[in-house]
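A.B. asks: Spelled out from the first residue to the last, the chains are:
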Amino acid sequence: MRTSTKTYSGWGRVKRATGHVARPEKPDEIDITAPAIGNCRSYGDASLNTDGTAIDTTWMDRILHFDAKTGQVTVEAGMQIGALARIFAGRGWIPAVMPGTGFATIGGCIAHDVHGKNHHIHGSFGQHVVKLTLLQNGVRKTVSPKSNKELFAATVGGLGQTGVIVQAVLQLMPCAGDVMMVTEQRADGWDEFVALLDASVATYTVGWIDATATGDTLGRGILEEAELGRGIVPDSKQAKSVPFNAPNFALSAPIVKLFNAAYFRRVPERGRTSVKPIGDFFFPLDKIHDWNRLYGKRGFHQFQCVVPVERAPALREMLRMIAASGLASPLAVLKRMGAGSAGMMSFPMDGYTLAVDFPNKDGAEPLIRTLIDKTAEIGGRVYLAKDALATGDQIKPMYPNHAKWIKAVTKADPDGAMETDIIRRLNLRTPL
Amino acid sequence: MNQTWIILGASSAIARAFCRELAERGDAMVLAGRRKDDLDATATDLKARGASAVDVVLFDARDPSSFDAVIDTVDGVEGLISAAVFVGSMPTQEAIDADPTLIDGTVFDSFTGPAHFLTQLAPKMEERGGGTIVGVGSVAGDRGRLGNYVYGAAKAGFATYLQGLRNRMGREGVHVMTVKPGPVDTPMTFGMDDLPFMAQPETVARDIMRGVERKRNVIYTAKIWWVIMMVIRSIPEAIFKKLSI
Ligand SMILES: Cc1cc2nc3c(=O)[nH]c(=O)nc-3n(C[C@H](O)[C@H](O)[C@H](O)COP(=O)(O)OP(=O)(O)OC[C@H]3O[C@@H](n4cnc5c(N)ncnc54)[C@H](O)[C@@H]3O)c2cc1C
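Protein sequences, first through last, are from chains A and B. Start counting the first sequence at 5; every next residue gets the next number (the working numbering). Start counting the second sequence at 397; every next residue gets the next number (the working numbering).
Certain hints may be false.
[Claimed, not checked] Selected chain A positions facing chain B (in silico; Cβ < 8 Å):
no.: 1; residue: V18
no.: 2; residue: L68
no.: 3; residue: F70
no.: 4; residue: K73
no.: 5; residue: T74
[Stated by the list, open to error] DSBU-like cross-link-like pairs, simulated, lysine-lysine; straight-line CA separation at most 30 Å:
no.: 6; chain 1: A; residue 1: K261; chain 2: A; residue 2: K244
no.: 7; chain 1: A; residue 1: K244; chain 2: A; residue 2: K10
no.: 8; chain 1: B; residue 1: K637; chain 2: B; residue 2: K520
no.: 9; chain 1: A; residue 1: K150; chain 2: A; residue 2: K378
no.: 10; chain 1: B; residue 1: K443; chain 2: B; residue 2: K611
no.: 11; chain 1: A; residue 1: K415; chain 2: A; residue 2: K135
no.: 12; chain 1: A; residue 1: K150; chain 2: A; residue 2: K73
no.: 13; chain 1: B; residue 1: K520; chain 2: A; residue 2: K145
no.: 14; chain 1: A; residue 1: K244; chain 2: B; residue 2: K520
no.: 15; chain 1: A; residue 1: K145; chain 2: B; residue 2: K619
no.: 16; chain 1: A; residue 1: K291; chain 2: B; residue 2: K443
no.: 17; chain 1: A; residue 1: K244; chain 2: B; residue 2: K611
no.: 18; chain 1: A; residue 1: K10; chain 2: A; residue 2: K301
no.: 19; chain 1: B; residue 1: K619; chain 2: A; residue 2: K291
no.: 20; chain 1: A; residue 1: K153; chain 2: A; residue 2: K135
no.: 21; chain 1: A; residue 1: K30; chain 2: B; residue 2: K520
no.: 22; chain 1: A; residue 1: K10; chain 2: B; residue 2: K619
no.: 23; chain 1: A; residue 1: K10; chain 2: A; residue 2: K378
no.: 24; chain 1: A; residue 1: K400; chain 2: A; residue 2: K153
no.: 25; chain 1: A; residue 1: K261; chain 2: A; residue 2: K408
no.: 26; chain 1: A; residue 1: K261; chain 2: A; residue 2: K378
no.: 27; chain 1: A; residue 1: K378; chain 2: A; residue 2: K400
no.: 28; chain 1: B; residue 1: K432; chain 2: A; residue 2: K135
no.: 29; chain 1: A; residue 1: K30; chain 2: A; residue 2: K153
no.: 30; chain 1: B; residue 1: K611; chain 2: A; residue 2: K30
no.: 31; chain 1: B; residue 1: K432; chain 2: A; residue 2: K73
no.: 32; chain 1: A; residue 1: K135; chain 2: A; residue 2: K150
no.: 33; chain 1: B; residue 1: K443; chain 2: A; residue 2: K280
no.: 34; chain 1: A; residue 1: K145; chain 2: A; residue 2: K411
no.: 35; chain 1: B; residue 1: K443; chain 2: B; residue 2: K432
no.: 36; chain 1: A; residue 1: K378; chain 2: A; residue 2: K145
no.: 37; chain 1: B; residue 1: K619; chain 2: A; residue 2: K301
no.: 38; chain 1: A; residue 1: K411; chain 2: A; residue 2: K378
no.: 39; chain 1: B; residue 1: K443; chain 2: A; residue 2: K73
no.: 40; chain 1: B; residue 1: K619; chain 2: A; residue 2: K135
Rather than coming from a laboratory, the hints here were simulated on the basis of the structure. Cβ atoms here follow ideal geometry from the backbone N, Cα and C, with glycine treated the same way.
This is chain B alone, in the form it adopts within the complex:
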């Protein structure tokens, strides 16, 4: 049966690819993000691609007063509700070192905003006794590294939150899946040189879709990152602290 998906951060490149997958299945969507005109255009596109219904609502991860409006959209909706979280921000570590207040925004976007939202949504999903929550984290959350440990810390917080949420929601038939992408070819990474094992947003979207269908708990995408992160996690801290990877 077709479901309704709430998409947080619907303008992101991965969200766009994921929504196209949903559209081809004929699912309905609520696109939540900051740019109304852009989301309206995306909504038209998704409808043309087969989505059964697409709504647009303004949403800002840093402004919890915008959350109610998003959650209200699903009140009248029949069938299962699912949600996918694509928000997050990644200032460079140098920018953060120069201006530590950037930490607050990063944590808001990548962790506390989405966590706040999902906690608010959770009872509604439990009531319906089904659906899926997809939370996009990052491989950066698996280990604090020189290059981006504030972003990594926020994503690690989100991953731990999702773990707990999975533990709670699973009892009511709601599945929670954590996605850990490596570098993805997006406008955010465009022009950065030599990121290893870069994945296309379409590949990530397809991996997410397959993970949802198979009710996986945690997925890495591109898959090679599962191996890479296993190795990186297993390096003893005494050695790791001297490395710059």
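Excised from the complex, chain A in its bound form:
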């Protein structure tokens, strides 16, 4: 198979790799054993293979079968989740779980067992995968939770280590229509925010949090609750792209503080309800292509952790550290997470999840390292789809099924041919 030598990066643009990339159009063109990558929407180095070869799966994106009675759809792994939603929502079916970007591929959604704004109700992506087809050393293998439980659980959330996922059967969820009814509400501080999250009965919830607010306003934000429905809304505007790297001052502390305050007040004190196209609700950032370039040449990090429910006060303390540092960008999210997960290395667990973006300025990396330590101390977990800084010693104890996963992966790929940069950085395929 023809490959091209490329320098490519994770979404955060801090981690980069130079290596060979193959880009098959059809699974039967694949004649090499190498890790698969999707659309490189992982922030760190999960989708990088320095000096090696990676199989870019994004051109394998056909719908192979759809059963309108059961709502099961068979797709090639490079299909983008946003395209799937767009195609089927108008016909009464929607992917049961969608991450915050529609550009993630189905393969990427499986390999990180992604979660969406309905995680507390519908669980993780892998729980809606009926079966998948793995390509291991040129051999195709069908894997389902029934037929091959171990391999399935090692593949879902398994960072591509068990083989190339070439296709998958997904159970879509029935939906009334392709319009969202969204209610936004202000939370004036941490306690109120947590109370609102706990009390929410909406199918989809997400909280924007002002990670620069300190003192009395610490933890203030906006809770969004939404339901799918039927209706007609104008198409959202065509996506724009960012033509250049932004200058450094764009995300300086005073500007972010001002922006956040305005963003907070945008929602009236007594809240509001509006109607949006699904894409605007699920993938708000996709409207600006390459928005990661707004962070300039040095790129940015996202820190995302989940902590057990009873450790909410410790999470508040972490947020206090973040706010005090003045390093956060406006993108910060607080959410209630359920227990649902489908893989041995899946991120989700019952608790609260906090995600904060940081421009890669001096001080950001040490702060994130401290936050990772805090997460470990309180029995939380750091999300590998976002991480670029942790060490294996920090990560391994967070994942209780790590040892089982190593066993399954070693069996599936004894020679380590599927290893990527994140695996090497964390030494993830060897026990603690």
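Starting from the structure of chain A, add chain B with the ligand where the hints point.
C.D. replies: The following block gives chain B with the ligand in isolation, referenced to the frame of chain A:
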């Protein structure tokens, strides 16, 4: 009203993107190409994306005996028929210099095969008094250049053919549009380094769709190639022959 499109060279990356545009509008398609199993998979995909009907027929630009079967598929079809031609082949100039017989295949794929096919189809479209023919050429056809002048010559021949066809078919309400893409990111160009102003197949497909809606005669895609080729065409031959661009 929805129409039926005959797509020649339906496995190509640009055709695939174009067909997805058609599918979202609910049009019907006849996919014509050389790989049946692959086209069958594409047909399923297009139906799932909203195409009202998709047929698959074997077609080889170098084998005119395969043309009838393609044209027969539209005989029973109601409504307007349109056709889009995405076939063509581009061996490197070095390969051609080493083996001049490659010229025949290149001209067949990029010019005479499609021209033969369209000439055969033309009366059927004229009968129906409407529809569109989209012919994909190349900026390479605008001027003979060191790097690929055989391919360029074939595409130039096709462009001139389309010009004439436009002149003829316009009288019967059939619109003929010539598309001249610059380099496009496809499996054919993947791994070639540093092609300038490379366009994505989706962008090309969208440009074609817009051109069809606005009944444009000739479009360049990416649009910048219109300017670039205007400049390149205007360089006097005495100077041009010494350049290697
Ligand atoms: C704006 C934004 C919002 C996001 N929001 C969320 C969110 O709400 N929830 C959430 O869970 N995540 C979220 N993410 C993270 C994102 O969903 C995941 O990183 C996802 O894996 C990206 O998919 P991708 O196709 O880009 O995969 P890549 O980043 O290219 O790859 C991710 C991993 O999957 C593996 N992989 C990819 N394809 C295959 C395949 N075919 N076979 C085997 N392995 C494969 C790779 O080896 C790698 O380990 C967000 C990311 C962004 C940029």
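A.B. asks: The structure should be examined with respect to each hint, and the outcome stated for every one.
C.D. replies: Hint-by-hint comparison with the structure:
1. V18: violated, 26 Å
2. L68: Holds. Min distance 6 Å.
3. F70: holds, 5 Å
4. K73: violated, 14 Å
5. T74: Status violated, d = 14 Å.
6. A/K261 <-> A/K244: holds, 25 Å
7. A/K244 <-> A/K10: holds, 25 Å
8. B/K637 <-> B/K520: violated, 44 Å
9. A/K150 <-> A/K378: Given that 30 Å is the threshold and the Cα spacing comes to 38 Å, the pair is violated.
10. B/K443 <-> B/K611: holds, 27 Å
11. A/K415 <-> A/K135: Holds, at roughly 20 Å.
12. A/K150 <-> A/K73: At roughly 22 Å apart (the allowed maximum being 30 Å), A/K73 and A/K150 satisfy the hint.
13. B/K520 <-> A/K145: violated, 48 Å
14. A/K244 <-> B/K520: Not OK: A/K244 and B/K520 at ~43 Å, beyond 30 Å, violated.
15. A/K145 <-> B/K619: Judged against 30 Å, a Cα distance of about 45 Å means the pair is violated.
16. A/K291 <-> B/K443: holds, 27 Å
17. A/K244 <-> B/K611: Distance of about 27 Å is within 30 Å: holds.
18. A/K10 <-> A/K301: Holds: A/K10 and A/K301 sit about 18 Å apart, inside 30 Å.
19. B/K619 <-> A/K291: Cα-Cα ~23 Å, so holds.
20. A/K153 <-> A/K135: Answer holds: A/K153 to A/K135 is near 11 Å, not above 30 Å.
21. A/K30 <-> B/K520: Violated - the C-alpha atoms of B/K520 and A/K30 are around 35 Å apart, more than 30 Å.
22. A/K10 <-> B/K619: holds, 26 Å
23. A/K10 <-> A/K378: violated, 37 Å
24. A/K400 <-> A/K153: holds, 22 Å
25. A/K261 <-> A/K408: violated, 45 Å
26. A/K261 <-> A/K378: With a Cα-Cα distance of about 25 Å, the restraint between A/K261 and A/K378 holds, given a limit of 30 Å.
27. A/K378 <-> A/K400: holds, 15 Å
28. B/K432 <-> A/K135: holds, 26 Å
29. A/K30 <-> A/K153: Distance of about 27 Å is within 30 Å: holds.
30. B/K611 <-> A/K30: Not OK: B/K611 and A/K30 at ~34 Å, beyond 30 Å, violated.
31. B/K432 <-> A/K73: holds, 28 Å
32. A/K135 <-> A/K150: holds, 9 Å
33. B/K443 <-> A/K280: This hinted pair holds, its Cα atoms lying about 27 Å apart.
34. A/K145 <-> A/K411: Between A/K145 and A/K411 the Cα gap is close to 18 Å, so the pair holds against 30 Å.
35. B/K443 <-> B/K432: With a Cα-Cα distance of about 16 Å, the restraint between B/K443 and B/K432 holds, given a limit of 30 Å.
36. A/K378 <-> A/K145: The hint is violated at about 41 Å.
37. B/K619 <-> A/K301: It holds: about 29 Å lies between the C-alpha atoms, which stays within 30 Å.
38. A/K411 <-> A/K378: Holds, at about 29 Å.
39. B/K443 <-> A/K73: holds, 16 Å
40. B/K619 <-> A/K135: violated, 44 Å
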